[in-house]
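Student: Protein chains in written order, with the numbering used here: chain A, 178 to 254; chain B, 488 to 902.
There could be a bad hint or two in this list.
Claimed, not checked - Rough simulated footprint, nothing fancy, chain A against chain B, three-plus residues with beta-carbon under 8 Å:
#	segment
1	518 to 525
2	534 to 541
3	713 to 724
4	756 to 762
5	843 to 852
Hints listed in this document are in silico derivations from the structure and should not be mistaken for laboratory results.
Beta carbons are placed, not taken as given, at the ideal position from N, Cα and C, and that holds for glycine.
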Amino acid sequence: MNKFLILLFCFLSTACSTFTNMSASETVKPWEKNILAQRAMQFPQDKMYSFSDDHIFFSKEASTGGNGVGGGGCGCN
Amino acid sequence: MKSIKNKLTVATCTLLSQQSGSVLAIENAWEIDNSFLYYSEADNRVSVAKFVATVSGDVSDKDRVNIQVVLDTMSGSTPSGAVKTSGGGNTVSGASGGGGIGVTDANANALVHFNDTRLANSLTWTHLHDDNWSIDYNAAVSIENDYRSFSGAVTVNKETVKKDYLFSFGIAASHDEIFRVGAGDTPVPLSQIADNEVAGEGTRETIDLIAGVTRIINRRTVAQFNLAYSMSNGYHTDPYKVFSVVDRATNVVIAGSSYYESRPGDRTRTSLTFKLNHQLYPSNNIIHGSYRYYTDDWDVDSHTFDFNYRIKLSDTHYFEPRFRLYVQSQAFFYMNQFFVDDAGATLPPDFPKYVSADYRLDDMVSITPGIRYGREVGTDGHLRARLEYMYQSFKHSEFDTNKAIIFQIAYSKRF
C-alpha cells in the first residue's frame, strides 16, 4: 500500500506539472479539433491492435495493466 | 457563402457532440471491426490463431453498444519448468489445454505439448449522461478447456466543459476458475509429480481499479496518464508448471525430482502509464509514444516503452514502424531449479513455501520491432496489417530466449 501511495503522489504531481507547465499548451477551440479527431490520435490509436497486444504480452510477461479495466482473463502459456 | 457557413456549423456541432470515451473521434452509427492474428514461436513452440469479431453502434441518442467475440486456437510446446535432461523424461500432463499423456516418469520433460481452444465474449454498453458524463458497463466471459473467467466492469468518464480534460475512473471484478484438462483438478503444490496428489479446482477473485486523465495539450498533441491498481486473491499457481531438484556439486538432476510449483495466494499490482500522441508539422506524420512503470508484491518491477511513427504515404494510406522495449525483474520465488547440497538426501528436501521455474517470472528483456501498413478502402473502410518480431531474453531460465512472429490483418467499416 505504501508503494501505491508513493505512486499516487508521483502520478498527481507529474500530471499536474505536465499539464500546467507544458510550454506548448494552448486552449483548443472545438472547430480546431480536426487533427485531434483523427482515429490515429485516439487512445488507443487502434483498439484491435491494442486488444491483441494486451493478450500476447499478458501471456508472455509478468506485468499487465494500464489500458483500462474489464474483459475476460485466460490461462495462457 | 451560406453553404460554407452551414458546413462549418455542422462540423462544429459534430465535434461538440462527441462521446468522451473515445474523446474526439467522429462516430458513425454502426461499425464492424474484424481481425485475424497469427502468433508463432520459433523451435515449434506455441502457435496461436486468433479471430476477433466486433460490432458496435448507437441504439439510441444516448446509448451505444459494443459486442465482441474472440476465438483462439493454441497448440505447440511450452516450457514446463523442468530442466533439460539427457535421457529425457515424460510429460507432466500437458500445459494449459492438456493433450498430455499423464504421469509415467518421475522426471518431467522440459517442454510439454498442448492444444487448447478459447472462446470469449464481451458486451459493453455506454450511456451518455448530461453535463459531459458517460458510463461504460462491461461484462465478459472466457471459456477454455481448463480455465473459466467471468468479469464485470464499470468505467465513469467526465469531460470538462471546454472538453480539454477527460477524467476516467474504472472498477472491475473478476472470478476465475482454474483446473487441469480432463481431470478438472489441480495438483498439490510442492508435491512430487509421480505421487499424483490432487486438490480441487482453483478459484481466484480479482479487483482492478484505474484512474486516468486525458489532456488536450494543443491542436496537435494529446496526452494521457493512467494509474492502475489490482488486487487478486486465490489460486495463482500454474497447475502444469513444475521445477527440478538439482545436485549443486554436479549440476545433475536428481532422479525422481520433478515437483509441482507453488505461488503465493494473493498478488497486488500497481502501474503508472503515460501516453502521448503528436502530429508533426508540416509532414502530418504522427508519433505515438508510451511508457509504463509496473510493480507488484511478488517483487516484479518492469519498464515498458512503446513507440511507433505513422508516416502518411498519402491521404489514404500509411506506413508505421513500431518498436517496443520491455524490461522485467524476477519474482522473489523464481528459481530455474532447486539446488540441494546432498544428492543422497531423502526427498523431498525442505522447500521454501513458494517456488516457481516459470520462465515468465525470470529477469527478462524483450524487444518487439515491427511494421504496420494501413489504407482506406471504399467508403469508411479501413484495412490494416502488421508484421512484428518478438525477441525475449531470460537471465536464468532453462530456455534462455523465446522468439516469435506476430502477423495480424484487420478490417473495419463504418455504416
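Student: Work down the list of hints and note, for each, if the structure agrees.
Tutor: Consistency of the hints with the structure:
1. 518 to 525: holds (count 3)
2. 534 to 541: Holds: 3 residues of the segment 534 to 541 of chain B have a Cβ under 8 Å from chain A.
3. 713 to 724: holds (count 5)
4. 756 to 762: holds (count 7)
5. 843 to 852: With 3 residues close enough to chain A, the hint holds.
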